[in-house]
Structures are given as structure tokens and as C-alpha cells.
Amino acid sequence: MIEFMKTCLLFINAFFVVYVIGYSTFLMVSVLVGSVTLYENKRRQQLYNYIDHDYYVPISILVPAHNESVTVIETVQSLLELDYRLYEIVVVDDGSTDNTAALLIEAFDLQAFKRPIRKRIACNPEKSIYISYQHKVPITLICKENGGKADALNMGINASEYPYFICMDADSVLQSDALRNIVRPVLEGKHVVACGGLVRIINDVLIEHGEVLDYRMPRNLIVCLQILEYDRTFLASRLFFDKFNGNLIISGAFGMFKKDTVICVGGYNKDTIGEDMELVVRLHAFCRANNVPYSIKYAPDAICWSQAPHNLKDLKKQRRRWHIGLFQSISAHRQILFSPRYGALSFISFLYFLVYELLSPYIEVFGILTIIAAWYCELINVPFMILFFIVCAAFGAIMSLTAFFARVYTMNIRLRVGDMLKAVSLCLIENVVLRGVLAFTRLTAFIGYKKKKNRWGTIQRQEFKHKEENV
Amino acid sequence: MKPESLIFLYTYISFCAVFFDLFFIVYTRVSSKTSGIRRRRIEKRLRAQIKAVKTGGAPDKTVQKALVRKLRRPGNMGRLNECIEQLREEDADGLERYLATLHSGLLVLSKCYSKKAHEYKALFSYVLTNMKLGDNPYVAALPVTERLNFTLMLQQLENYLKEPSVYVRENTFRAIVSWGQTDVLIGAIYYMNEHVVELSEKLVSDNMLSFSGDKGELADRLVDVLEQFEPAMQCAIINFLRFLPDRDLGENVWRELWHDKLFEMLQRKSISKEVHFSIIRYFKKFPFDDALDTLTGFARLKDERRWEYAAIASSALASYPYEESKQALLVALHSYNWYVRANASDSLLDMGYDAQSLAAASNDAFAADMLEYKNTVRRLKKQRAGEMDAQHKRAGVKKELVTA
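As you go down the protein sequences, you meet chains A and B in turn.
To convert, note that position 143 of the first sequence is 252 in the numbering used here; the numbers rise steadily by one, no gaps.
To convert, note that position 4 of the second sequence is 1 in the numbering used here; the numbers rise steadily by one, no gaps.
Calculated directly from the structure, the hints in this document are not laboratory data.
Ideal Cβ positions, reconstructed from N, Cα and C, are used throughout, including at glycine.
Treat the hints with caution; some may be incorrect.
Unchecked claim - Below, a list of computed lysine to aspartate or glutamate pairs in the EDC-like style, where the Cα atoms sit at most 16 Å apart:
id: 1; chain 1: B; residue 1: 159; chain 2: B; residue 2: 116
id: 2; chain 1: B; residue 1: 41; chain 2: B; residue 2: 87
id: 3; chain 1: B; residue 1: 159; chain 2: A; residue 2: 297
id: 4; chain 1: B; residue 1: 41; chain 2: B; residue 2: 88
id: 5; chain 1: B; residue 1: 199; chain 2: A; residue 2: 297
id: 6; chain 1: B; residue 1: 266; chain 2: B; residue 2: 221
id: 7; chain 1: A; residue 1: 299; chain 2: B; residue 2: 195
id: 8; chain 1: B; residue 1: 199; chain 2: A; residue 2: 161
id: 9; chain 1: A; residue 1: 245; chain 2: A; residue 2: 163
id: 10; chain 1: B; residue 1: 199; chain 2: A; residue 2: 163
id: 11; chain 1: A; residue 1: 236; chain 2: A; residue 2: 254
id: 12; chain 1: B; residue 1: 129; chain 2: B; residue 2: 88
id: 13; chain 1: A; residue 1: 151; chain 2: B; residue 2: 116
id: 14; chain 1: B; residue 1: 129; chain 2: B; residue 2: 198
id: 15; chain 1: A; residue 1: 228; chain 2: A; residue 2: 270
id: 16; chain 1: B; residue 1: 378; chain 2: A; residue 2: 197
id: 17; chain 1: B; residue 1: 378; chain 2: A; residue 2: 323
id: 18; chain 1: A; residue 1: 245; chain 2: B; residue 2: 384
id: 19; chain 1: A; residue 1: 299; chain 2: B; residue 2: 198
id: 20; chain 1: B; residue 1: 258; chain 2: B; residue 2: 224
id: 21; chain 1: B; residue 1: 58; chain 2: B; residue 2: 82
id: 22; chain 1: A; residue 1: 223; chain 2: B; residue 2: 369
id: 23; chain 1: A; residue 1: 223; chain 2: B; residue 2: 366
id: 24; chain 1: B; residue 1: 129; chain 2: B; residue 2: 82
id: 25; chain 1: B; residue 1: 41; chain 2: B; residue 2: 57
id: 26; chain 1: A; residue 1: 228; chain 2: B; residue 2: 366
id: 27; chain 1: B; residue 1: 282; chain 2: B; residue 2: 248
id: 28; chain 1: B; residue 1: 108; chain 2: B; residue 2: 155
id: 29; chain 1: B; residue 1: 159; chain 2: B; residue 2: 191
Stated by the list, open to error - Which chain A residues stay away from chain B? Per the calculated CB distances, all over 10 Å, these:
id: 30; residue: 159
id: 31; residue: 225
id: 32; residue: 299
id: 33; residue: 331
id: 34; residue: 353
id: 35; residue: 404
id: 36; residue: 441
Using the sequences and the hints, build the whole thing.
Structure, rendered in C-alpha cells:
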């Protein structure tokens, strides 16, 4: 029996060595590639390698909103301050039960009118439509029956006038140069059907007229940890995947798409809670299956400031939703896995998301149980194991810091010494504690799946920070 | 592989990452200081040379050579750009005098940068644009042999247009446009066409509109050779013609002389449809009565594969307030293509027809919906325009009161 256990543990040990090497290698390569890309972008700017026209392609900005009365006015206000000449704003009120629509109508002097909408993608019907031409660009508000974010976005796509659209959240603020920067890949390369922007955390950041006036690490610990996490897992990995057209996600908080292509693939899927990832994966599948030349890019200098959950309860709700969305997207397009037709997308991106995102909570829990079993059978070198964990945790923390500082120094962010020390002191906590908590959240994400699979849950919004608060 | 090797490997990589982070923090701070020192050295040399040329003398050859040698480094080229911007504010005339003397140096640099990475080529082109040599009267006054250096430099720049980077192509095209010479720009356009250089139509036409030379002459000459170019370049040129204001044409250029040529291209099926669309849009802005039959024919098209012709022609007919246009638009109003209906509605309302009467007469719910929508949009936009006018008037009265 002991011999059998020893053999099993040997194989399990080999698996975990490969697993850890795989993850660490990916982390190191993505942070390295991500940092180099950020430095190259900065260098490009310093060498005047940029295009400076008043606009490039006309864009429709779609803002789906459900009970966003706290932030929606400022979001739309920020959109009116974008440094771009030709765009429109379409807010879709997805059956809000608060006064989201009333606030918008009053704030922007919207007038009710009858407008035919060409429904190229099926969606719940509209109840009323308002519009205003009083501002820099037309603002349209469509009030419709509740159908979820995907349904609201589909309505927005149907109502939009322009060939490209941006989807963003109603609790986000775009930096004034965000549109110019997110459109740039369309000019740089051919056949760009989608481009993701960088989502940064706005909590405790002072932004006015689309410009950052004061940046600091938030006072809230949970938000601070998320900033470090975002840089390591989102920024670095997306820059890495971008190198071989392997991005599987464009954040729903800020992404640009070519409308015709999205309509070809049927728009956003209402049956998934991770509609942002599912659409991008479907775009990959569609274009490859039909031999359509395409690329899905990532623009790290197209910045959207969005609110992060500031308490553990809301953070868990968010991560639970992301994990379910990930599962739905991967299972809907599992034909991509190990398919030579998809190349690096299949063997790197898709495999990474399957093993190190979707299955990782289960693998890691299994690993812990195995360690306990090995310890029980006196098959484990405890000091070595402790040292190994410390080194792995330190490695992850240093990679987080490298990604964090790469972003800070290449995006001209003036960071106070105190904030720098905060980042250094929190990186280990982020890598061990937050990761562990979120792993547990993801592990339990599927409890009650059938009942809650399409439920978003409510997350508490905070007002954006204003200048007067500093006085 | 021994398990301990993993620990050593990760520990080693972690230390490397920490050293890299610290190194970069220190490097960023130090390099900004040293960059400032280098920039002041270049500025000192420039000021000395400007002083020499302003007193009627020639610039110091030794200093000139040393400066050109320094400018081979891209970092110094960027610093030169900063110096130019500063010196232009302080002494624009002196700067212009001096830059005219850089003819041989810039030729050498253009060859030097042609061997460098693409981002440095883009930098060189950008700085060249910023030098505004095309508008420099001292360049025009140079002897032929010295001006030849600039000509050779521009020929060298044409090679940059082949680069795969869009930034090199954009900055180089801008530099050539800023030169203000029609021959040079047309030569560059030919070059781009021959080497199938891809640059967005909008970027090409925007840059042509910022041409500092005789735009009327440029337009005239481009129309003469229009068919020699690929469709994408033809579209860019026609868009340039469309956006070119009449006041920039000059006394000896008549827009009407282009219309026959464009109309003839519109009727030829061998011409790309994108070019046709550009021409139709052109004829919307600059109506040509001979094109009326063709446009009404397009508007009446029912072939779904040619919906774009119907849609764009329906939009263009707003500029042809004739009965034939109305009849064609009424047919288009009942098209089952959304865009055709939308554009036809817009055009009929622009021509002054009443939406309700048209809707009542049409007996088509889709047409009626579209007419009502477009009518409401027009009303709201007019309301906004009226409010803006009132605001401007109030501001004007206020200004007068203040000055009084």
C-alpha cells in the first residue's frame, strides 16, 4: 500500500513540478514581454512616432446601464470631454429600477422621440428613446426592458450609427486621449476587428476633464491589492498574448469592435455572464473557421478608469462572475483546445486560461491535499517544501512589482515614495493572501450554478473623487 | 533535474528582476539629468551658429560638422527638435537663416538615418517637418548647387515611405508635404503608388490638405494624372479635391474643369466602386448637372448587391433640387435597404419637402417611420443651431459693451 502511494505521489509530484514551472515561466515571460512592450511604447512616443489627426474612424460609444444613478452622469460627462472629433454616445438603460434614466434626461436635456432601430441582432424591445444634440456630440438614451448587459449592448449596436463601437461600463471614465489611442491599432495594422484598452482603478484617483490630476495608491487595502494583481495578470499577460494575436479577452469596461464583424458573429451572447470574453473567443473562432484575415489588438495607452470593489463581499461577487463567465466561454468554444488550426491561440492562450485560470483552484487544492498526504506518509522534506513555497511566493511578488513599476515609469505616473513603499510591502500579501482568497472564491463559484449562472449581483458604487475633496 | 535547482533558478530570476527594477528607476532619473546637459550643449552650438549667420557671416564649419556628427545619434535629434521649438519663439528669423545652411548636413543625416531602425527614421522625418524648410525664404534664396542637397535629401526620404511602420510613412509623407513643392509631393505620391505603400486614405488626404504650397496647382495636376494611380490613392485624391476649399484654388484653377473627367470615370464600369463612391460624394458637395441622370439611375437601383450606389446617390441628390431627383428619391424611399431609405429621407427633407405629406402619400410604414425620425432630428439640430446663434450674438453684444 505504501509503495503504491509512493508511486502515485511520485507522478503527482512530477505533475506539480511541471505545473509550477509552467506557471512561473508564463509569469516571467509575460511580465518580461509586457514590460518591454511598455518601454517600447514610451520610446515610440519620445521619438515622435505617433499620428496626430482630429479623428481617424467614426465611433459609437455604447454605455449599458442598470441602476447606475451614482456614476452615470459623470461617466457621460467624461465622454463629452474626449479629444476626438467624430463620435456619438448611446446609453442603454437596461430596465433600471432607480432613477438612472431620469437623471440623464435632466442632466443632458434629452428629448423623447420616436426612432426606428434596425435590429440586426435580436434584443429585448425598447420602451422609449431620448436624444440630445445640445452637446459636443449626439447623446442617445434608449430605455428598454431588462435583458442583461449583453442584451443592452446588442441594443446599442443596433442603434449605433458608426462602423466601430466601443463598449464601456457606466461606472467608468475614459481618459481624454483614450479614443485616439484605442483606434490607433486600426491604422497600424490591417484587419483589426477588435482592440482592448487598459482598465485602471479609479478609487482615490482625482480625474478632471479626462486628465489625471492626482494619482495615489488607494487607502483601501483590498483596492490596493487589486491594482498589483491587475498589472501582473491583466496588463502583462494581455501584452504578451497580443504578440501572436492570442488575446482571448477584451475587458467589458473598455473595448473597441468593428460593428459589421460583431454582427456577423451574432453580437453578444445573452446566455453567458462573461459576455466580453465569449464575444472575443467567438470572433477568433469565426474568423479562423471562415479564413477571414483578422487581428485582435491591445492598446495599453488607451486608458479607462473604472471602479474596483472596495470590500471583500463585492470582490468575491465579481470574481465569482468572472470565473463562471470563463467557464462558459471555454466550454462553448472547447473545439479551440489543441486544434492546430488555431495555432498559438490554442496551445498557449486557451491552454493557459483552461489550466491556470479555470482549473487552477482545483489543482491547487488537490496539491495541498497531496502535501498533507505526503507529510502523513513521511514522504516530504518539510524544510525544502517551506523554502520552495517562500521562493515561489517571492518570485510571484517580484513579478507583480516589476509589472507595476513598468507601468508607472512608462506611463509618466508620478508616484509618491509612500505609495512606492506601499506597493513593495503589499506585493507579497497580494501574491499569497489575496490569491488564496480568490482561489477559494473561484473554487466555490459553481455552487448554486444552475440557479445563479446568469446572475450579476449588485455591487456597491462609489462617487468619483472631486477636486473639492482635496481642499 | 534536482528539485533544489528550481529554487536556485527562481531565486536567481527574482534577484535579476529586482536589480532590473532598481536599475531602471536609477537610469530614468539619471538619464533625464544627462539629457538636459546634452540638450544645453546642442543649444549652445546652435546659438553660436545663429549669431554667426545673423552678422552676415557663414556658420563655423568645424562646429557644423561636429553638430551633424552628434545628430547621427537619435537622442540628439530629439534634443535638436526641442531646441528648434524654443529658438523659434525667441528668434525665428535667425533660426531660419541658420537652418538654410544645414543643407549638406541634412543630406548626410538622411542617408545615415535610412540605415537606422524605423522609429529613428520617423523621428528624423518629424524633425524635418518641424524645421519648416519649405516655408523658409532663405532656403529658396540659396544657390542652385546648395538647394540641390535638399532635393537629394527629399529623394532619400521617399525611400522611407516603403517602411512597414505606419509612423515612418505618416511622418515622412508629412515632411514631404511640408516642403511645399508640387513636383516633390506628386513624385512622392507616384512613389507610394508604384511601391504599393499603404497609408490610410484619410491620412493621405488630410496631409494633402495641409500642403503649404499651391494647393490649386497640386489639385489640377493630380486630376490630370488621376487614372495612373491605384484605387485607394484615387479615393484619397478625390477626397482631397472634395475638402479643398475654393479659396485655396487660386486664380488660374477652375474646379469645373475637373467635373467632366470625374463624370467620365463615374460612368466607366472598369473603375473601382470605391472610386465611384468618392466621386458621387464629390458631386454632392459640388453639383454637376450632367451627372443628374446617372445619380438618379443609381438611386433607383433595386439590386441589393449595389445598395451602396443607391445609398450614396440618394444622399448626393439633396444637392440637385429637381423633379427628376424627387422622383428617384421617392423610389429610394421605398427601398428595403435601411441606408437607402435613410439617405433618401434626408435628401427629400433637405430639398424642403414636408415629411408628413410624403409619409401620407407613401403608404409605407417603414418610409413613414424613417421620415418622421429624420424630421425630428432636423428639428432638434435646427433648435440647437438657433440656440448657438443666439449665444454667439449675446457674446458679441457683451464684447462690444465691454470694449465700449
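Checked hints:
This hinted pair checks out: residue 159 of chain B and residue 116 of chain B have alpha carbons roughly 14 Å apart, not beyond 16 Å. Between residue 41 of chain B and residue 87 of chain B the CA atoms are separated by roughly 14 Å; this keeps the pair inside 16 Å, and the hint holds. For a cut-off of 16 Å, the pair hint linking residue 159 of chain B to residue 297 of chain A stands: about 14 Å separates their Cα positions. With a CA separation close to 14 Å, the supplied pair residue 41 of chain B and residue 88 of chain B stays within the 16 Å bound.
Restraint check for residue 199 of chain B and residue 297 of chain A: the C-alpha separation of about 13 Å stays at or below 16 Å, so the hint holds. The suggested pairing of residue 266 of chain B with residue 221 of chain B is violated, with an alpha-carbon distance near 20 Å, which exceeds 16 Å. Distance restraint check for residue 299 of chain A and residue 195 of chain B: the Cα-Cα separation of roughly 10 Å lies within the 16 Å cut-off, and the hinted pair is therefore satisfied. Simply put, residue 199 of chain B and residue 161 of chain A have alpha-carbon atoms about 12 Å apart, close enough for the 16 Å limit, and the pair holds.
With a CA separation close to 14 Å, the supplied pair residue 245 of chain A and residue 163 of chain A stays within the 16 Å bound. For the hint linking residue 199 of chain B to residue 163 of chain A, the alpha-carbon distance of about 11 Å falls within 16 Å, and the restraint holds. This hinted pair checks out: residue 236 of chain A and residue 254 of chain A have alpha carbons roughly 7 Å apart, not beyond 16 Å. For a cut-off of 16 Å, the pair hint linking residue 129 of chain B to residue 88 of chain B stands: about 14 Å separates their Cα positions.
Taken as a hint, the residue 151 of chain A and residue 116 of chain B pair is honoured in the structure, with Cα atoms around 12 Å apart against an allowance of 16 Å. Of the pairs offered as hints, the one joining residue 129 of chain B and residue 198 of chain B is violated, with about 24 Å between alpha carbons and a cut-off of 16 Å exceeded. Of the supplied pair hints, the one linking residue 228 of chain A and residue 270 of chain A holds, its CA atoms being roughly 13 Å apart against a limit of 16 Å. Between the alpha carbons of residue 378 of chain B and residue 197 of chain A the distance comes to roughly 14 Å, so the proposed pair stays at or under 16 Å and holds.
With a CA separation close to 38 Å, the supplied pair residue 378 of chain B and residue 323 of chain A exceeds the 16 Å bound. About 14 Å separates the Cα atoms of residue 245 of chain A and residue 384 of chain B, which keeps this hinted pair within 16 Å; it holds. Annotation: proposed proximity of residue 299 of chain A to residue 198 of chain B holds, straight-line Cα distance about 13 Å (limit 16 Å). For the proposed pair residue 258 of chain B and residue 224 of chain B, the alpha carbon gap of about 10 Å is at most 16 Å, so the pair holds.
Of the supplied pair hints, the one linking residue 58 of chain B and residue 82 of chain B is violated, its CA atoms being roughly 24 Å apart against a limit of 16 Å. For the hint pairing residue 223 of chain A with residue 369 of chain B, the CA-to-CA distance comes to about 8 Å; that is within 16 Å, so the pair holds. Of the pairs offered as hints, the one joining residue 223 of chain A and residue 366 of chain B holds, with about 8 Å between alpha carbons and a cut-off of 16 Å not exceeded. Straight-line distance between C-alpha atoms of residue 129 of chain B and residue 82 of chain B comes to about 11 Å, which keeps the hinted pair within the 16 Å bound.
The hinted pair formed by residue 41 of chain B and residue 57 of chain B meets the criterion: a straight-line CA distance of about 13 Å does not exceed 16 Å. Restraint check: the Cα-Cα separation between residue 228 of chain A and residue 366 of chain B comes to about 15 Å, which is no more than 16 Å; the hinted pair holds. Restraint check for residue 282 of chain B and residue 248 of chain B: the C-alpha separation of about 21 Å exceeds 16 Å, so the hint is violated. Between residue 108 of chain B and residue 155 of chain B, the direct Cα distance comes to roughly 11 Å. Compliance with the 16 Å bound is thereby established for this hinted pair.
Distance hint between residue 159 of chain B and residue 191 of chain B is fulfilled; the C-alpha atoms sit about 10 Å from each other, no more than 16 Å. The claim that residue 159 of chain A lies off the interface is violated: its Cβ sits roughly 7 Å from the closest Cβ of chain B, which falls inside the 10 Å cut-off. Residue-level check failed: residue 225 of chain A sits 4 Å from the nearest beta carbon of chain B, not beyond 10 Å. Not every CB of chain B lies more than 10 Å from the CB of residue 299 of chain A, the least distance being 8 Å, so the non-interface label is violated.
Taking the minimum C-beta to C-beta distance to chain B, about 25 Å, the non-interface status of residue 331 of chain A holds against the 10 Å cut. Its beta-carbon lying about 18 Å from the closest one in chain B, residue 353 of chain A satisfies the requirement of being farther than 10 Å from that chain. With a cut of 10 Å on Cβ distances, residue 404 of chain A stays outside the contact zone with chain B, its closest approach being about 14 Å. With 10 Å as the threshold on Cβ separation, the claim that residue 441 of chain A sits away from chain B holds: the shortest Cβ distance comes to roughly 31 Å.
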